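Chains as they are written, first to last, in our numbering: chain S, 1 to 536; chain G, 1 to 536.
Hint data in this document are derived by calculation from the structure and do not stem from the laboratory.
Don't take each hint at face value.
[To be verified] Distance condition first, Cα-Cα at most 27 angstroms in a straight line; then the derived DSSO-like pairs of lysine-lysine: (1) S:Lys474 <-> S:Lys454; (2) G:Lys394 <-> S:Lys52; (3) S:Lys182 <-> G:Lys446; (4) S:Lys203 <-> S:Lys182.
[Said to hold, decoys possible] Which residues of chain S face chain G? A partial, calculated answer using Cβ under 7 angstroms: (5) Arg7; (6) Thr12; (7) Gly45; (8) Ile56; (9) Arg58; (10) Glu61; (11) Leu68; (12) Met93; (13) Ala97; (14) Thr99; (15) Ala266; (16) Arg381; (17) Pro432; (18) Gly433.
[Claimed, not checked] Covered by chain G, per the in silico footprint, the following chain S stretches (three or more residues, Cβ under 8 angstroms): (19) 21–33; (20) 103–112.
Remember, predicted model here, so these are calculated numbers, not experimental data.
No residue lacks a Cβ here, since even glycine has one placed at the ideal position from N, Cα and C.
2 protein chains.
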Amino acid sequence: MDSSQFREAAHTAIDQIIDYYENIRDRRVLSEVQPGYLRELIPPGIPQTGEKWEDIRRDIEAKIMPGLTHWQSPNFLAFFPANSSYPGMLGDMYSAAFTCAAFNWQCSPAVTELETIVLDNVARLVHLPEEFHSAGEGGGVIQGTASEAIVVVVVAARDRYIAQSKANWAAEGLNEDEIEEKVCTLRGRLVALGSDQAHSSTKKAAMIAGVRCETIETAMGDYRLTGERLTAKIADLQARGLVPFYLTATMGTTPTCATDDFPSLAAALAAHHTPTSPKIWTHIDAAYAGAALVLPEFAHLPATFAFADSFNFNMHKWLLTNFDCSCLYVRRRRDLTDALSITPAYLRNEYSESGLVTDYRDWQIPLGRRFRSLKAWFVTRSYGVDGLVAHVRKSMDCGKAFTALVTADSKRYTLVAEPAYALNVVRVNPPPGSVTAAEDGLEYGKRSNEVTRKVAERINREGKIFITSTVLGKGEESVTAIRVVGGAPGVQVADLENAYRVISDVVDAVWAEEVAAETPPAETAQAKEQVELQAV
Amino acid sequence: MDSSQFREAAHTAIDQIIDYYENIRDRRVLSEVQPGYLRELIPPGIPQTGEKWEDIRRDIEAKIMPGLTHWQSPNFLAFFPANSSYPGMLGDMYSAAFTCAAFNWQCSPAVTELETIVLDNVARLVHLPEEFHSAGEGGGVIQGTASEAIVVVVVAARDRYIAQSKANWAAEGLNEDEIEEKVCTLRGRLVALGSDQAHSSTKKAAMIAGVRCETIETAMGDYRLTGERLTAKIADLQARGLVPFYLTATMGTTPTCATDDFPSLAAALAAHHTPTSPKIWTHIDAAYAGAALVLPEFAHLPATFAFADSFNFNMHKWLLTNFDCSCLYVRRRRDLTDALSITPAYLRNEYSESGLVTDYRDWQIPLGRRFRSLKAWFVTRSYGVDGLVAHVRKSMDCGKAFTALVTADSKRYTLVAEPAYALNVVRVNPPPGSVTAAEDGLEYGKRSNEVTRKVAERINREGKIFITSTVLGKGEESVTAIRVVGGAPGVQVADLENAYRVISDVVDAVWAEEVAAETPPAETAQAKEQVELQAV
Numbered sequence: 001m002d003s004s005q006f007r008e009a010a011h012t013a014i015d016q017i018i019d020y021y022e023n024i025r026d027r028r029v030l031s032e033v034q035p036g037y038l039r040e041l042i043p044p045g046i047p048q049t050g051e052k053w054e055d056i057r058r059d060i061e062a063k064i065m066p067g068l069t070h071w072q073s074p075n076f077l078a079f080f081p082a083n084s085s086y087p088g089m090l091g092d093m094y095s096a097a098f099t100c101a102a103f104n105w106q107c108s109p110a111v112t113e114l115e116t117i118v119l120d121n122v123a124r125l126v127h128l129p130e131e132f133h134s135a136g137e138g139g140g141v142i143q144g145t146a147s148e149a150i151v152v153v154v155v156a157a158r159d160r161y162i163a164q165s166k167a168n169w170a171a172e173g174l175n176e177d178e179i180e181e182k183v184c185t186l187r188g189r190l191v192a193l194g195s196d197q198a199h200s201s202t203k204k205a206a207m208i209a210g211v212r213c214e215t216i217e218t219a220m221g222d223y224r225l226t227g228e229r230l231t232a233k234i235a236d237l238q239a240r241g242l243v244p245f246y247l248t249a250t251m252g253t254t255p256t257c258a259t260d261d262f263p264s265l266a267a268a269l270a271a272h273h274t275p276t277s278p279k280i281w282t283h284i285d286a287a288y289a290g291a292a293l294v295l296p297e298f299a300h301l302p303a304t305f306a307f308a309d310s311f312n313f314n315m316h317k318w319l320l321t322n323f324d325c326s327c328l329y330v331r332r333r334r335d336l337t338d339a340l341s342i343t344p345a346y347l348r349n350e351y352s353e354s355g356l357v358t359d360y361r362d363w364q365i366p367l368g369r370r371f372r373s374l375k376a377w378f379v380t381r382s383y384g385v386d387g388l389v390a391h392v393r394k395s396m397d398c399g400k401a402f403t404a405l406v407t408a409d410s411k412r413y414t415l416v417a418e419p420a421y422a423l424n425v426v427r428v429n430p431p432p433g434s435v436t437a438a439e440d441g442l443e444y445g446k447r448s449n450e451v452t453r454k455v456a457e458r459i460n461r462e463g464k465i466f467i468t469s470t471v472l473g474k475g476e477e478s479v480t481a482i483r484v485v486g487g488a489p490g491v492q493v494a495d496l497e498n499a500y501r502v503i504s505d506v507v508d509a510v511w512a513e514e515v516a517a518e519t520p521p522a523e524t525a526q527a528k529e530q531v532e533l534q535a536v
Numbered sequence: 001m002d003s004s005q006f007r008e009a010a011h012t013a014i015d016q017i018i019d020y021y022e023n024i025r026d027r028r029v030l031s032e033v034q035p036g037y038l039r040e041l042i043p044p045g046i047p048q049t050g051e052k053w054e055d056i057r058r059d060i061e062a063k064i065m066p067g068l069t070h071w072q073s074p075n076f077l078a079f080f081p082a083n084s085s086y087p088g089m090l091g092d093m094y095s096a097a098f099t100c101a102a103f104n105w106q107c108s109p110a111v112t113e114l115e116t117i118v119l120d121n122v123a124r125l126v127h128l129p130e131e132f133h134s135a136g137e138g139g140g141v142i143q144g145t146a147s148e149a150i151v152v153v154v155v156a157a158r159d160r161y162i163a164q165s166k167a168n169w170a171a172e173g174l175n176e177d178e179i180e181e182k183v184c185t186l187r188g189r190l191v192a193l194g195s196d197q198a199h200s201s202t203k204k205a206a207m208i209a210g211v212r213c214e215t216i217e218t219a220m221g222d223y224r225l226t227g228e229r230l231t232a233k234i235a236d237l238q239a240r241g242l243v244p245f246y247l248t249a250t251m252g253t254t255p256t257c258a259t260d261d262f263p264s265l266a267a268a269l270a271a272h273h274t275p276t277s278p279k280i281w282t283h284i285d286a287a288y289a290g291a292a293l294v295l296p297e298f299a300h301l302p303a304t305f306a307f308a309d310s311f312n313f314n315m316h317k318w319l320l321t322n323f324d325c326s327c328l329y330v331r332r333r334r335d336l337t338d339a340l341s342i343t344p345a346y347l348r349n350e351y352s353e354s355g356l357v358t359d360y361r362d363w364q365i366p367l368g369r370r371f372r373s374l375k376a377w378f379v380t381r382s383y384g385v386d387g388l389v390a391h392v393r394k395s396m397d398c399g400k401a402f403t404a405l406v407t408a409d410s411k412r413y414t415l416v417a418e419p420a421y422a423l424n425v426v427r428v429n430p431p432p433g434s435v436t437a438a439e440d441g442l443e444y445g446k447r448s449n450e451v452t453r454k455v456a457e458r459i460n461r462e463g464k465i466f467i468t469s470t471v472l473g474k475g476e477e478s479v480t481a482i483r484v485v486g487g488a489p490g491v492q493v494a495d496l497e498n499a500y501r502v503i504s505d506v507v508d509a510v511w512a513e514e515v516a517a518e519t520p521p522a523e524t525a526q527a528k529e530q531v532e533l534q535a536v
């Protein structure tokens, strides 16, 4: 592909992308291909001689597009959004064109320096405390995902805890062999913590780092981790000879967007730590909800992060920057480089710690890096603060509109958590009159769970909208619920109103079947047939 | 930025990118900005209202470009190449447009299925044994970098070793507490291995996984890890109560592109393993040189990989696919999912192990994933086998041309390693007659190192070409050498001939200064002034 072929190909690609975005509402949001569909469409092997772009481009529409679930569609109400945007795409185009595996400053100074500048700008945008800006001992770095950010901080937390323990033992007069022995025992007892609502990435990070992981239960209906529960858990671990060294606290949990009680967590940790004890590292995972901190009404929240060692949110979720762009901020960058740098200490002192040159390879797992700050720079400049605020505000308005609809429809729905950050979590009630038991009883809950599960499955089978279901709590008291969150770039209040209608139609259909299934045997066969026909 | 603004912006971006590629030879390959240059050019903060694309685009040329080191320039002869290409850029454009955080099959079936197909195609392209294809128990996955691939396999190796040890202890009749105690001790004794020429990513992976790492020395001038040296190291570790569980073997080491002696390593491991002993995991790191396996003359090599548990090479280095696209192949995909899946075992059995649906999140550290197989698909289809072979062949020709020039110029240069995979590693001789000692003696070597270091520094200060220097061996016998490897998409034999002239001119200048510095005191001051003038 020479330059003129590339120009032509790129122009057709851009037209295809624009067409995709302009007509995305018309596409079935959820792919309905069967496993293995693509093998049947694509001949195996690489052609001996090169193919024309036109043939490749045609395959994108014919073969790839049917297998896509359209995350940019306003009908995508599942998981959390993963925004893209035109300026972000331009950023990835240039990043690909410049391809420079910028593993140190010299490899392309602009890659390192723009990242520091952009992350300081974003820190100000989301009102992060000064501790997390690069001017002091902290700073930000772009990771691929929140999961990688958590691996990085768990490893740093583990190594910092061990280093502080070693220093204490040395001060107590233990010799090297004794310290080595105690470290070995300590490693086997270290425990990473998160609430039962924290994202599974904490568990995975602990597996990678080779340490234990335990969860702290939250109260049903509240779902926030509190200092009281943390204190109780620490006491429980200590009684079992285990050593907590790390905590994931969450702003906007995956199931319900609950936000942990940071002030009480800060107080609990302050009470636990002595002047010489190794410190428990607290990481605030705001992967999705962190974007809401651009709104003035949440600007007071980040002041409560000041006790934490690190904070992370994904611009690639709700802030119009195409995946991947996960912003990790640490209070003390040396905690990362101590754990992840393979450069001898004397070299690190000379360069990195002068503050003049940042080698981001020592802040992350990989060596090489893409020029991801470009897209964040393009997005923040193209939208401006006003544009970013307007985007998040629009999603919030969508969420509030949906809350109003389900709240007014108490016959069909019960909100099972406080709506937050554009997310609504609702369970579907059993058909009216079908359960005689009390609404707060186990039987009612069980029936509600069944109906909610059926509704969720049928909605996604229909594919007009895409939602996810979740299970809150454990055992008999567990609650199955539907999560609805609209955060796509083009989402409008009308889309959530439409979603409410789509869901309600399915609820009515499922209710009708449930009622039919409970009628006397003579009618059951007919009803069953009816269900099967509808399910086709 | 609306659709029509995007179309216009993208067209200007594409013109800028084409212009960049067509005139890249004219740019100084190595950036000469000073640390902190960008802060002075970019006002802090995000503008309140959005800016026009034209203003952003202008800043790319004016502010970003001066801070770039041009990895796609034919004058980039440092590190290893990091190829980009027009079809690859189109792949990243679509990936950004589709932005779907495809962490499971349903999230976008095409993302998962295309990756499996493309990686099987690439496995055939580089003649990998059937064990690594997806049809059996193995398969490939795209990782961000070779470093991440190594973290993944070190963690899988650690967990497999521990699981096999636990099974053995259970079979011996130990109870749960006794096994737990033994696992704790074992963890502290596990050692990851690599030769002293293996990439530092093994050490970093061990740090992340919380295990020890030791290196095995290779012979000077040869630099290949052999079975004999591995056997000796294993015996040494066992004598010290340590337990080797993992080995990085390399095809194409970073310093000299040496390739370890796979057959003898396979034999050594076969001799070490008993039918019931936990197995040492062998990973073949071919990050750069793996691309050469597209050439027919290397097609016999992969048969010697059959003993290994995993193999990795970066399409984003030498195979025209813009960063990041690191292809990791494993013999048994279950080894990865056992270590990295947080899904309960009963669920994994039902889906993943049916082979119908692959959840690549369980083959990697992050949860979400970009649609990276698109660019690999575009590149392999656009170039075809012939085009990919031609690209690698051209680099090889460049390397051979350079080898011929330095071999013919034994006055200036000594090759310090067998040229391999387009890489030449040379030391610069001291000025003729300046050292009376024997050429294989310590004094001669020391002088050669000094001169080589000076030459390397001055070449990069001049910035006509960009090379890296390396140090082979340790202590008094260490060798400082210059690495020259031309693998940029547009590199030609003429570029390497030019590089030879650029280097030789610098050698002559450094020689002249060295000789002047050795003349009697009266002339030294003048020579010193001469040096300082030249260094400005």
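Tell me, in ascending order, the numbers of any earlier hints that this structure violates. Failing hints, ascending: 3, 6, 9, 10, 15, 17 and 18.
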